[in-house]
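Make a model of the complete structure from these sequences and hints.
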Amino acid sequence: MSRSFRRYAIPIAFYVVVIVVWQIAGQSPAPGSVLVAPTVLLQTLAERWQALVLVSGVTLAEAGAGFLIGTVVAIALSIVVDRFRLIGEALYRIALVLYAIPVIAIAAPLTAWLGLGMGSKLAVAALAAYFPIVVNLTSAFRTLDPRIDELGRVLALGYWRRLWSLRAPAVLPALFSSFKIAGPAAFIGAIIAEWMGAEIGLGVMLLQAMFNFNVPLLWTVLLVATALNGLIVLLFEILGRVSVPWHQSAKGGAAR
Amino acid sequence: MTMSASSPASTGRIVVDGIEKRFPVKGGEFTALSDVGFSIPEGGFATLLGPSGCGKSTLLRIIADVIPPTEGVVDLFGRTPAQARTAGEFGFVFQDPVLLPWRSAVANVELPLQARGVGRKERRDRAMAMLHLVGLDGFEDRQPAKLSGGMARRVAIARALVTEPRVLFLDEPFNGLDELRRRQMNAEVQRIWEATGTTALLVTHNVSEAIMLSDDIFVMGRNPGRIIATRHIDLPRPRTLESVLAPESVELERELTELLSASYESVADE
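Protein sequences, first through last, are from chains A and B. Numbered according to our numbering, the first sequence spans residues 1 to 256. Numbered according to our numbering, the second sequence spans residues 1001 to 1270.
Some clues are possibly wrong.
Pairs of lysine to any residue, SDA-like flavour, derived with a Cα cap of 20 Å [said to hold, decoys possible]:
1) B:K1146 / B:V1106
2) B:K1146 / A:P169
3) B:K1121 / A:S165
A few chain B positions that, by computed beta-carbon distances, are all more than 10 Å from chain A [what the hints assert, rightly or not]:
4) D1017
5) F1023
6) K1026
7) S1034
8) S1052
9) L1133
10) G1138
11) R1183
12) P1236
13) L1245
14) E1258
15) S1261
No lab work stands behind these hints: they were computed from the structure. All values reported here derive from a predicted model rather than from experimental measurement. Glycine included, C-beta positions come from ideal geometry on N, C-alpha and C.
Spelled out as structure tokens, the structure:
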């Protein structure tokens, strides 16, 4: 009882202290400071919540669709890399090089090419999302318990049967843990794409707040974006637990 | 691989002839197996008994067409290993159970049938019958993580046998079980083998396990892996703990243990 009390009480006390200090510092900011008191943030949140919900929805939709595209491409690519050694190796290298280009640098030409609409946002979000999935899945396939392949061989299963019945379920935990990186990456990708030019979205709102020197709104948008990012991670964490319940109790691919 | 060994005379037996396995290593080759040959009659129980590192598991994998030999021929009742494997004539029990953690016990046993396109109903019935045979009634819905080590191995044996394979490969299937459990499982394997009439090939380093189960024991030495002795076991079946403790089996156990120890020492001498 007292141990669990301390486990929660100490972090809570810490955050309370941080917020109180932040509040005091924010109420009487030094000239030119961008510090905004938490109460001001809450007030902005209350005043602008409808607009914030709308723009968040737009950005989340872009990120979500981009994430789906990125996931499909990544899974297909990982299977090609797994199935066809030579072509796969070459493709994998291209994927690596593509990812070496900073998202922000590739967002500009993509927006110029695909325009200010959804297309460019989806492309950037997908580009940001596919990579962690490809890397995780490919390495999961490569480090798979070799006995699983031996089992497939003894049972005389073809490649696709082996993939579907043995290997795909075995790499599912790796897929879900890659989603926890790819999800936020898609979200950030969508925001960056919006900076390059868009009508509406969290990124657009962020830029407008910055140019108008609306510091409270700037911080509020940041707060919302951070909260959404956290929720995305949480969503995939829960999804992973629900979808691969065996992973917690039986570690690894096929210990037993 | 030539078909020369599959002459009519060899049909009805598993014939292993002139098997050589070399692995490339830094600055040359490592000979894992050298000129290995033996034969097993259909329905027999043979054991490859040897110290760790003698290549007995490698040999088993060559016969089961999991890996290819560098040289030599394996003939399984007139078929090549590849033909027999793709015809679904093999059951294989690994060193660890290697159950799929996302499938229940019965679904794990169903896997080989599913792969052969057997219908849902028949699949379930045969898997349940097999679980009954290995003594796991009532455990069909357990997830592998919730099975004890001995139960998980029973499931693995049921999975290997559910297709009624012509050949059952057992690769140190009871490693990691305590001695009492191992003896229990040995008795079970003997009973199941007699009930199914399959030809069994066991790999082990446990001398009493080999005596308990085998018609023929092929003792292997190492560097390079090869057969150094062959023993035929005449004890009546079904064998029990008592028959394994009879004076002539104890004498055999002593002799085989000495052979094994000698092959360990020969490596220590180098």
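(message) Checking each numbered hint in turn, tell me which of them this model violates, lowest number first.
(response) The structure breaks none of the hints.
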